[in-house]
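A.B. asks: Letter by letter, the chains look like this.
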Amino acid sequence: MDKYSLPLKIFLYLSITVFFIFILLPFVEMFYASLRPLKHIFRSPYQFYSDDLSFWAYREMWNTVPLLGRYIFNSFFMAITVTFFTLLFVIPAAYSYARFNFPFKQGSLWVLLAVNMFSGAVLLIPLFKLLRYFDLLNTYFAMIVPGIAFCIPTSIWLLKAYFEKIPVELEEAAYCDGASRMDILFRIIAPLSTPGIAVTAIYAFIQAYAQQFLFAITFNSIREYMPIVSGLTEFIGYQSVKWNEMMAASIVGVFPVLIVFIFLQKYIVEGLTAGAVKN
Amino acid sequence: MKKNKLNSYNSQFFLAYILIAPAVIYLLCIVGWPLIETFRLSFTNSSIAGEDYVGFENYEKLLSSSKFSKIAIRTFVWTFFSVLLKLIIGMIGAVLLNASLRGRSFFRILVLPPWVVPIAIGALGWMWVYNGHFGILSGIGIRLGILDGPFSFLAYKNSAFIATMVTDIWVGVPFVTLFFLAGMQAIPRDLYEAAYCDGAGRFSRWYHITLPQLTPVIITMSLISAVSTFVSFDIIYILTEGGPRGATTTLIIDTYKMALGNYKFGKGSARAVMIVIMISTFAIAYFYLLSRINKKVSHG
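From first to last, the protein sequence lines are chains A and B. All residue numbers for the first sequence refer to the numbering used here, where the first residue is 5 and numbers rise by one. All residue numbers for the second sequence refer to the numbering used here, where the first residue is 49 and numbers rise by one.
Please keep in mind that the hints were generated in silico from the structure rather than gathered at the bench. Please note that a few of the clues may not be correct.
[Claimed, not checked] Residues from chain B that face chain A, not an exhaustive set, calculated with beta carbons under 10 Å:
{"id": "1", "residue": "W163"}
{"id": "2", "residue": "A230"}
{"id": "3", "residue": "V321"}
[Stated by the list, open to error] Derived lysine-lysine pairs resembling DSBU-like cross-links, with alpha carbons at most 35 Å apart:
{"id": "4", "chain 1": "A", "residue 1": "K270", "chain 2": "B", "residue 2": "K343"}
{"id": "5", "chain 1": "B", "residue 1": "K109", "chain 2": "A", "residue 2": "K133"}
{"id": "6", "chain 1": "A", "residue 1": "K43", "chain 2": "B", "residue 2": "K205"}
{"id": "7", "chain 1": "A", "residue 1": "K169", "chain 2": "B", "residue 2": "K343"}
{"id": "8", "chain 1": "A", "residue 1": "K13", "chain 2": "A", "residue 2": "K270"}
{"id": "9", "chain 1": "A", "residue 1": "K133", "chain 2": "B", "residue 2": "K312"}
{"id": "10", "chain 1": "A", "residue 1": "K133", "chain 2": "B", "residue 2": "K305"}
{"id": "11", "chain 1": "A", "residue 1": "K133", "chain 2": "B", "residue 2": "K115"}
{"id": "12", "chain 1": "A", "residue 1": "K109", "chain 2": "B", "residue 2": "K343"}
{"id": "13", "chain 1": "A", "residue 1": "K133", "chain 2": "B", "residue 2": "K118"}
Since this is a predicted model, take the numbers as computed values, not measurements. Glycine included, each C-beta is placed from N, C-alpha and C at the ideal position.
Model the full assembly from the supplied sequences, consistent with the hints where possible.
C.D. replies: Below is the structure:
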């Protein structure tokens, strides 16, 4: 195949630069804003550089919003809970889809995809009534219960693809040796599919973390239960908006997710795209 | 004896259903019932105070109001351009990340943050970018002399409309890029080598091999993007709350405000049902298109 000529190479790198300016612009701007002193942020015209940048906002934000730590904890706590229950629902279901043939199998898989299409926002009204009926409004459950539902469909698709890769012969051998179906699921399938389950868990976690905003602003008004995404609004005070601290808190809030993701991105990307490309 | 049991269909069906039952029952409660309830509520004047059956009144009002049709058209325009640009930029991104350049694997990680970070937080970053007094866009514009003073992108109708769209594109691009890239890597290399030997240039190889081979992925991604863009909520709610003067109010924002801002559940439900109908129409059209393409492929 032909090699890249030098001008083409330069053109490609320039295009990549422009592409990534677009992708990273808000993050850079956020980080930059978090370093500036508050009075500086409002200085007009815009300054590209100044010599008094500092990490001061990262210390001060904990005082401005005393519950900030709690919000970050809430976000993690709810996302992890959602992930846990999602796996509990999804592992047996995905196994069933991967191994058995039964009436309505293909149909129900499409219905699962359809669930994905009605994002939470469309169903908010009855969900609101449902949660109010069970007295779950303004609790952690108000954000966890709907959160699980919208993580299930894609997770089933993801994990099903993994289960399908495990040779059936292994199971048949175990079966002939007298293992029960449950033994097979927990002793053979589960250990072998640990990477697949891990990818599904990470997907569910990211999804759960991301979708908290809508459920939090709709179903919860108690400060102690707020996730970080809605807790950030507390930096907007009556007198002034502490922008630099708000940005600092946003960065701290997403940092752990980003780190986890960067280490595991290879598996997630493979897992997510495998099914779609094959079909 | 045991072998017989394994092949016995009755017990297999039973086990299969038992295993999917928890997930299915959960979804029926949290998604299925609410969907039906939304339909029911749309025929009532339900609110915090109570509810009465009102027939098609909500729909009649909705469909005869010029405000609703304006919002619907706006949503379609917003979705159309957003999805189109997501696909175009995603394709450019995938081509760039597929080029055998130094740093390729690093670039592939670097493209993902907008997708991983909660939309609500990404939107905050954009809010800052668009700010007139201390945002970088306005700053650069003033330095270059394009703007003669601070310009708040979110404060004017047209610029707010475009600004929310750009943010939505930003959220969607990594996902599209990722899938296009995976699709490109699945295309057999010998296709390209054969074309190269026949003297096809880069663009011609892309146009005659990559593009047709990617068609199924492109169609899938356009559906997924269209659906998620159509009901995109966080971005607009955070950046503009549907303003200024309704310029960025899409169907989902209108529904949310009606239902949970004013607690008019009945009217809100009618709007939600309209959204469901529109999304379903999308989806059915998509599957029709997909099955026709599959037929074409399998019959040569």
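A.B. asks: CA of A/K133 to CA of B/K118, is that 35 Å or under?
C.D. replies: Satisfied, since the Cα-Cα distance of roughly 29 Å is no more than 35 Å.
A.B. asks: Does the nearest C-beta of chain A fall within a distance shorter than 10 Å of the C-beta of B/A230?
C.D. replies: holds (4 Å)
A.B. asks: Does the structure keep A/K133 and B/K115 at a Cα separation of 35 Å or less?
C.D. replies: Holds, at about 28 Å.
A.B. asks: Taken at face value, is the distance from the CA of B/K305 to the CA of A/K133 at most 35 Å?
C.D. replies: Judged against 35 Å, a Cα distance of about 16 Å means the pair holds.
A.B. asks: Is the straight-line distance between the alpha-carbon of A/K133 and that of B/K312 35 Å or less?
C.D. replies: holds (12 Å)
A.B. asks: Verify the proposed pairing of B/K109 with A/K133, using a straight-line Cα cut of 35 Å.
C.D. replies: Holds, because 24 Å separates the two Cα atoms, which is no more than 35 Å.
A.B. asks: Does the nearest C-beta of chain A fall within a distance shorter than 10 Å of the C-beta of B/W163?
C.D. replies: It holds, given that the least Cβ distance between B/W163 and chain A is near 8 Å, below 10 Å.
A.B. asks: Are the Cα positions of A/K109 and B/K343 separated by 35 Å at most?
C.D. replies: Given pair A/K109, B/K343 holds - Cα atoms ~22 Å apart, limit 35 Å.
A.B. asks: Mind checking the alpha carbons of A/K270 and B/K343 for me, to see if they're no more than 35 Å apart?
C.D. replies: With Cα atoms ~34 Å apart, A/K270 and B/K343 stay inside 35 Å; holds.
A.B. asks: For the pair supplied as a hint, A/K43 and B/K205, confirm whether the alpha-carbon distance does not exceed 35 Å.
C.D. replies: Holds - the C-alpha atoms of B/K205 and A/K43 are around 29 Å apart, at most 35 Å.
A.B. asks: Decide if the proposed pair is consistent with the structure: A/K13 and A/K270, CA atoms, cutoff 35 Å inclusive.
C.D. replies: holds (26 Å)
A.B. asks: Taking the least C-beta to C-beta distance, is B/V321 closer than 10 Å to chain A?
C.D. replies: Because about 9 Å separates B/V321 from the closest Cβ in chain A, which is inside the 10 Å limit, the hint holds.
The structure shown violates none of the earlier numbered hints.
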